[in-house]
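Trainee: As a plain string of letters, each chain reads:
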Amino acid sequence: MMLKKTTLSLILGLFVMAFGVLPKAMASPDLPASLQCAEKGSEYYTIDLVTTKNIPGTGMASGKAVMKFNPNPFGISISKDGSYLHRLEIQISKAKKPGEGKFVAWVTTPELDKVKMIGSLNKEFEVSGTVEWNKYIVVITLEKEVPDENARMWSGPIAFRGLSRSGLMHTMAGHGPFAQEPCAKYGYY
Amino acid sequence: MQKFYPNTFFLLLIIAGCSQSLQAQHEHHNMSGHGMDMDTTQAVWRMPPMNMEMPMLPGMHNELPPVEPFLAGMGLQKEDIPFAKPREILELADGDTVELQASIVRRSLEGKDYVMYGYNGQYPGPLLKAPQNSTVVVEFNNQIEFPTTVHWHGLRHDYRFDGTLFAQDPVLIGESFTYELYFRDAGVYWYHPHVLEYIQQDLGLYGNMLVEPPEDDYYNPVNREEIVILDDILIDEQGLIPWGKSNPTHALMGRFGNVMLVNGKTDYQLNVDKNEVLRFYITNVANTRTFNMVFEGAKVKVVGSDISKFEEEVYTENIPIAVAERYIVEVLYEEPGTYPILNSIQAINHFRGEFYPHQDTLGMVTVSEHEVEESYTEAFNSLRVNEDVKKDIAEYEPYFDKPVDKKLELKVEVQNLPIPIMQSMELDTAYVPHLEWNDTMPMMNWLSTGKQVEWILHDPATGKNNMDINWDFKKGDVVKLRIFNDPDTFHPMNHPFHIHGQRHLVLNIDGAENPNMVWKDTSIIPVGATVDLLIDMSNPGKWMMHCHIGEHLDAGMMLGFEVGE
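Top line first, the protein sequences correspond to chains G and Z. Residues in the first sequence are numbered consecutively from 12, following this note's numbering. Residues in the second sequence are numbered consecutively from 910, following this note's numbering.
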């Protein structure tokens, strides 16, 4: 029994490390009413933001990035290249106001080759913006000053991070149950 | 629901499957089957073409759909079947009568002949152009191999001519039925069978209706109008991939085609002058594919959709259009050159766990150096606010915040699917996209049939599903319907939701209010989304609501409702 609990904890730990998200049943229920979706709505695509515990006052904090429909003439919001366009509503809860600097939200591709600043969190620790990538990481950093809106990379320490749900779409090439060839054949090492 | 065997069994299957290379796994896929040049009187299953990089699921090499295969015109001499012609335009006046016949035709696509269906021997069926508020009689005759009906998609007319099971018995082979159409709203509409749509419509039974408004300035001035029907069809080297005769294959995701068709052709081309403005009336008649249409080299303005103009025109770079939806867009080509019309998507490769950009060329537009004789660029370059539409919709604003009247939850249940499919889908659905833009699992999808898959419209208030639901309304009711597309169901998918005989507004998606409304009859319900529709129950009769993916419809996803006088 003990072994099972340990194994489960290990699996959960690896899961959180890998994806920065918690299974839905364990997700924080602290979402304020303003971020509650119409009934179940976009809950499925909500990104759990996990603290790095690197910033004082954030050890017990958590957050959500709610992916919402970006209003447009069509029933689905996508860009010219077919990427989804979302409105991202971010909020951190149970965090203390930093002694110095501001929390700033960013999104970046998993390869970190593209970075976009969403904006600095307000006094309620909220900010919103748009994202037009299918797979991305939400990063909240502590910056000495709010960066220029065209800033292309953060400079402060990372306080929270989370991966879009599409990050769960894990490759099976060379790894999963369909493994037929060496991973390298598919560009994975 | 499917009961699982122990995972060890699956592991044994995997080990067995691992003994072959990827290529070797595909060697058995190209099973000999029916082609136009083969002398055979019955269809034979062939696996649909798939990405050779994707491995076969272990234990799946000899699996076939557990339904009878069907191809059109089996046993007929192809030389006896007439070639279909491009569609004709029928300019109709109030009180006119037209004849419409569904029949077996020969179609030529990329140099090969296929036996398909057509209305009046045409691809697409004839374009019916009629004035708003007119009535037209259609004398329909059935000469295909199935009983059929004709549904006049989007028309708010007499339900007795709606072509559904509530309206009429199917028209038997060789028999006739008289439809009386009333064109209440301006815009573009379409007609198609409402029996075995996944076969009959896919084989070419579709056509447009263009309802012309009395006002000269209802739309912006343009140089030309183009009526465009988007479709796709599934073909391999031997011909059309058979359909399930009594139950659909591809019941999970619907049948994606691998050959794109515009107005029934693979080589749609357009020659335009420099600075020419065109108005496109676009209809998606595919079984399941949502297109993301891009007019390269042009500026594009969205003007209208299913049943009306938008409250306000907006510019766009792309037009995502789900099955059965229509969009009216105006397009300006300013620079000479040759430009593609694309379907531009981020496809998913589940095997590699990644999105990848994919484009299909739907057609080509050549813009000449010659300046268009009459310029409408000034009108194009301003965005019109449609006060008539705003005024109409404003009458419904008091209902926007009303409590929800009806709820639906969209789900799926499966039984007796091959075990490897069940197991791999459990693994594969940790993430489900809002919308499936390509067939991400061709073999699993092909093997899932209407015998094993039931798509469900669930009414949580009564616990009833699909055709056990029969809602009653009265003419004049304004009904708020909340639809939730459950992402936790076995294999969630987007659903283009069609409501017969009425018009509706999309109020909000996941609580995000719709700032620019348009009257619709078909709306996308993305995976995980909660969508509030406001339905104007303006048209008495017995009607249906359903998912317009042909395979989902046949796999149960429909309900009935009645609007009393």
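Please note: incorrect hints may appear among the correct ones.
As the list claims (entries may be wrong) - Coverage of chain Z stretches by chain G, computed from C-beta distances (three or more under 8 Å per stretch; other residues unrestricted):
{"hint": "1", "region": "1009-1023"}
{"hint": "2", "region": "1053-1059"}
{"hint": "3", "region": "1195-1209"}
{"hint": "4", "region": "1306-1312"}
{"hint": "5", "region": "1419-1428"}
These are computed hints drawn from the structure, not numbers from a lab. Where a beta carbon is used, it is the ideal one built from N, C-alpha and C, also for glycine.
Trainee: Which numbered hints turn out to be false for this structure?
Mentor: 1, 2, 4
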